[in-house]
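What follows is each chain in one-letter form.
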Amino acid sequence: MDDEPLNLVLFSGTEDRLQAAAVMASGAAALGRRVNIFLQYWALDAFRKERISASLGLAPEAGERGATLIAEAAKAGQQPWHATLRVAKELGEMDIQACSLSMDVLKIEEEDLDPLVDGVEGVTAFFLNAGDGHILFI
Amino acid sequence: MSTEQIAQVVDAKGLSCPMPIVKTAQAIKGLASGQLLEVLATDPGSVKDFTAWANATGNPLVEHGEEGGVFRFVLRKK
Numbered sequence: 000m001d002d003e004p005l006n007l008v009l010f011s012g013t014e015d016r017l018q019a020a021a022v023m024a025s026g027a028a029a030l031g032r033r034v035n036i037f038l039q040y041w042a043l044d045a046f047r048k049e050r051i052s053a054s055l056g057l058a059p060e061a062g063e064r065g066a067t068l069i070a071e072a073a074k075a076g077q078q079p080w081h082a083t084l085r086v087a088k089e090l091g092e093m094d095i096q097a098c099s100l101s102m103d104v105l106k107i108e109e110e111d112l113d114p115l116v117d118g119v120e121g122v123t124a125f126f127l128n129a130g131d132g133h134i135l136f137i
Numbered sequence: 000m001s002t003e004q005i006a007q008v009v010d011a012k013g014l015s016c017p018m019p020i021v022k023t024a025q026a027i028k029g030l031a032s033g034q035l036l037e038v039l040a041t042d043p044g045s046v047k048d049f050t051a052w053a054n055a056t057g058n059p060l061v062e063h064g065e066e067g068g069v070f071r072f073v074l075r076k077k
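From first to last, the protein sequence lines stand for chains A and B. With numbering that gives the first Met the number 0, letter number 21 in the first sequence gets 20, and the count goes up by one each step, no holes. With numbering that gives the first Met the number 0, letter number 71 in the second sequence gets 70, and the count goes up by one each step, no holes.
Hints in this document: simulated from the structure, not taken from any laboratory. Among these hints, one or two may not hold up.
Calculated from the model, a selection of chain A residues having no Cβ within reach of chain B, i.e. all distances over 10 Å [claimed, not checked]:
{"id": "1", "residue": "S52"}
{"id": "2", "residue": "T83"}
{"id": "3", "residue": "G91"}
{"id": "4", "residue": "V104"}
Derived DMTMM-like pairs: lysine to aspartate or glutamate, alpha-carbon spacing no greater than 25 Å straight-line [as the list claims (entries may be wrong)]:
{"id": "5", "chain 1": "B", "residue 1": "K47", "chain 2": "A", "residue 2": "E3"}
{"id": "6", "chain 1": "B", "residue 1": "K47", "chain 2": "A", "residue 2": "D111"}
{"id": "7", "chain 1": "B", "residue 1": "K77", "chain 2": "A", "residue 2": "E3"}
{"id": "8", "chain 1": "B", "residue 1": "K12", "chain 2": "A", "residue 2": "E89"}
{"id": "9", "chain 1": "B", "residue 1": "K22", "chain 2": "A", "residue 2": "E110"}
{"id": "10", "chain 1": "B", "residue 1": "K47", "chain 2": "A", "residue 2": "D2"}
{"id": "11", "chain 1": "B", "residue 1": "K28", "chain 2": "A", "residue 2": "D117"}
{"id": "12", "chain 1": "B", "residue 1": "K76", "chain 2": "B", "residue 2": "E62"}
{"id": "13", "chain 1": "B", "residue 1": "K28", "chain 2": "B", "residue 2": "D42"}
{"id": "14", "chain 1": "B", "residue 1": "K77", "chain 2": "A", "residue 2": "E89"}
{"id": "15", "chain 1": "B", "residue 1": "K22", "chain 2": "A", "residue 2": "E71"}
{"id": "16", "chain 1": "B", "residue 1": "K28", "chain 2": "A", "residue 2": "D94"}
{"id": "17", "chain 1": "A", "residue 1": "K88", "chain 2": "A", "residue 2": "E3"}
{"id": "18", "chain 1": "A", "residue 1": "K88", "chain 2": "B", "residue 2": "D42"}
{"id": "19", "chain 1": "A", "residue 1": "K88", "chain 2": "A", "residue 2": "E63"}
{"id": "20", "chain 1": "A", "residue 1": "K74", "chain 2": "B", "residue 2": "D10"}
{"id": "21", "chain 1": "B", "residue 1": "K22", "chain 2": "B", "residue 2": "D10"}
{"id": "22", "chain 1": "A", "residue 1": "K88", "chain 2": "A", "residue 2": "E60"}
{"id": "23", "chain 1": "B", "residue 1": "K28", "chain 2": "A", "residue 2": "D111"}
{"id": "24", "chain 1": "A", "residue 1": "K88", "chain 2": "B", "residue 2": "E62"}
{"id": "25", "chain 1": "B", "residue 1": "K47", "chain 2": "B", "residue 2": "E66"}
{"id": "26", "chain 1": "B", "residue 1": "K12", "chain 2": "A", "residue 2": "D2"}
{"id": "27", "chain 1": "B", "residue 1": "K22", "chain 2": "A", "residue 2": "D2"}
{"id": "28", "chain 1": "A", "residue 1": "K88", "chain 2": "A", "residue 2": "D117"}
{"id": "29", "chain 1": "B", "residue 1": "K28", "chain 2": "A", "residue 2": "E3"}
{"id": "30", "chain 1": "B", "residue 1": "K28", "chain 2": "A", "residue 2": "E92"}
{"id": "31", "chain 1": "B", "residue 1": "K76", "chain 2": "A", "residue 2": "D2"}
{"id": "32", "chain 1": "A", "residue 1": "K74", "chain 2": "A", "residue 2": "D15"}
{"id": "33", "chain 1": "A", "residue 1": "K48", "chain 2": "A", "residue 2": "D2"}
{"id": "34", "chain 1": "B", "residue 1": "K12", "chain 2": "B", "residue 2": "D48"}
{"id": "35", "chain 1": "A", "residue 1": "K48", "chain 2": "A", "residue 2": "E3"}
{"id": "36", "chain 1": "B", "residue 1": "K76", "chain 2": "A", "residue 2": "E92"}
{"id": "37", "chain 1": "B", "residue 1": "K22", "chain 2": "A", "residue 2": "E92"}
The beta carbon of each residue, even a glycine, is placed where N, CA and C say it ideally should be.
Isolated chain A (complex conformation) (with noise of 0.2 Å):
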């Protein structure tokens, strides 16, 4: 079993992308991974308390098919993506930073963020709790 953690940059802060993120985190987690999430501008955005559950959009490419199919299997009771990581991080060792230069660029206050954030850092920080482990960038 890999030692090292799994660590994701996110970037992006649409709904799929945030979506597929937090199955690769909660994927990790189950298999008793530790997780590293660094959060970067959009996807940093969308872990504002006000922002957290409003409808984010998706990725250019869903088009209106990806739209349509994504609202069904919502319906059909796929949970949104804050909740699969809010289960994730129940589960596991999940640490979630935002990225302190985009908090300076969005003008965001560490009060502003969800409590599924776990504190600031910097670049440096991440690399050093990363290890050897891999890094996705989302």
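Fit chain B to the known structure of chain A by using the hints.
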């Protein structure tokens, strides 16, 4: 067919990947070593997922099958 008693059943029918595995990982935490966990799922990816998860975590998959589109897995807590 095992005649041992199942300690807990997780109904993950209708849930999509990775929730059946996530619910399984949660449930197995609460069992004592040697107890059996039964999981019911409809996600077609779950067959490969449960085999892989059992191997990776060391909780053996002692039984699995499919009936009417419902997959059934029995795992033993290590």
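Hint-by-hint comparison with the structure:
Consistency note on A:S52: stated as away from chain B, and its beta-carbon is indeed over 10 Å from all of that chain's, at 19 Å minimum. The beta carbon of A:T83 is not kept farther than 10 Å from every beta carbon of chain B, the shortest such distance being approximately 8 Å. Taking the minimum C-beta to C-beta distance to chain B, about 8 Å, the non-interface status of A:G91 is violated against the 10 Å cut. Here A:V104 stays apart from chain B, with its beta-carbon at least about 32 Å from theirs, past the 10 Å limit.
Annotation: proposed proximity of B:K47 to A:E3 holds, straight-line Cα distance about 23 Å (limit 25 Å). In summary, the hint linking B:K47 to A:D111 is not supported, as the alpha carbons are separated by about 40 Å, beyond the 25 Å threshold. A hinted pair counts as satisfied when its Cα atoms are at most 25 Å apart, and B:K77 with A:E3 qualifies at roughly 22 Å. Simply put, B:K12 and A:E89 have alpha-carbon atoms about 21 Å apart, close enough for the 25 Å limit, and the pair holds.
For the hint pairing B:K22 with A:E110, the CA-to-CA distance comes to about 31 Å; that exceeds 25 Å, so the pair is violated. Under the criterion of a C-alpha separation no larger than 25 Å, the hint pairing B:K47 with A:D2 is consistent with the structure, at around 22 Å. Of the pairs offered as hints, the one joining B:K28 and A:D117 holds, with about 24 Å between alpha carbons and a cut-off of 25 Å not exceeded. A C-alpha spacing of about 13 Å is found between B:K76 and B:E62, which places the hinted pair at or below 25 Å, so the restraint holds.
A hinted pair counts as satisfied when its Cα atoms are at most 25 Å apart, and B:K28 with B:D42 qualifies at roughly 22 Å. Taking the CA atoms of B:K77 and A:E89, the gap is near 21 Å; set against the 25 Å cutoff, the hint holds. Taking the CA atoms of B:K22 and A:E71, the gap is about 23 Å. The hint holds against a cut of 25 Å. With a CA separation close to 20 Å, the supplied pair B:K28 and A:D94 stays within the 25 Å bound.
The suggested pairing of A:K88 with A:E3 holds, with an alpha-carbon distance near 17 Å, which does not exceed 25 Å. Among the hinted pairs, A:K88 with B:D42 is consistent with the structure: their alpha-carbon atoms are about 22 Å apart, no more than 25 Å. Taking the CA atoms of A:K88 and A:E63, the gap is about 32 Å. The hint is violated against a cut of 25 Å. For the given pair, A:K74 sits about 19 Å from B:D10 by alpha-carbon distance, which is consistent with the 25 Å threshold.
Taking the CA atoms of B:K22 and B:D10, the gap is near 9 Å; set against the 25 Å cutoff, the hint holds. With a C-alpha separation of about 29 Å, the suggested pair A:K88 and A:E60 falls outside the 25 Å cut-off, and the hint is violated. Distance check on the hinted pair: B:K28 and A:D111 sit about 34 Å apart at the alpha-carbon level, beyond 25 Å; violated. At roughly 29 Å between alpha-carbon atoms, A:K88 and B:E62 are farther apart than 25 Å, so this suggested pair is violated.
For the hint linking B:K47 to B:E66, the alpha-carbon distance of about 17 Å falls within 25 Å, and the restraint holds. In summary, the hint linking B:K12 to A:D2 is not supported, as the alpha carbons are separated by about 31 Å, beyond the 25 Å threshold. Distance check on the hinted pair: B:K22 and A:D2 sit about 22 Å apart at the alpha-carbon level, within 25 Å; holds. Of the pairs offered as hints, the one joining A:K88 and A:D117 holds, with about 11 Å between alpha carbons and a cut-off of 25 Å not exceeded.
Distance restraint check for B:K28 and A:E3: the Cα-Cα separation of roughly 22 Å lies within the 25 Å cut-off, and the hinted pair is therefore satisfied. Taken as a hint, the B:K28 and A:E92 pair is honoured in the structure, with Cα atoms around 14 Å apart against an allowance of 25 Å. Between the alpha carbons of B:K76 and A:D2 the distance comes to roughly 21 Å, so the proposed pair stays at or under 25 Å and holds. Distance restraint check for A:K74 and A:D15: the Cα-Cα separation of roughly 15 Å lies within the 25 Å cut-off, and the hinted pair is therefore satisfied.
A threshold of 25 Å between alpha carbons decides the hint, and for A:K48 with A:D2 the separation of about 33 Å lies outside it, so the pair is violated. Between the alpha carbons of B:K12 and B:D48 the distance comes to roughly 15 Å, so the proposed pair stays at or under 25 Å and holds. For the proposed pair A:K48 and A:E3, the alpha carbon gap of about 31 Å is over 25 Å, so the pair is violated. For a cut-off of 25 Å, the pair hint linking B:K76 to A:E92 stands: about 20 Å separates their Cα positions.
At roughly 16 Å between alpha-carbon atoms, B:K22 and A:E92 fall within 25 Å of each other, so this suggested pair holds.
Comparing the model with each numbered hint stated earlier shows that hints 2, 3, 6, 9, 19, 22, 23, 24, 26, 33, 35 do not hold.
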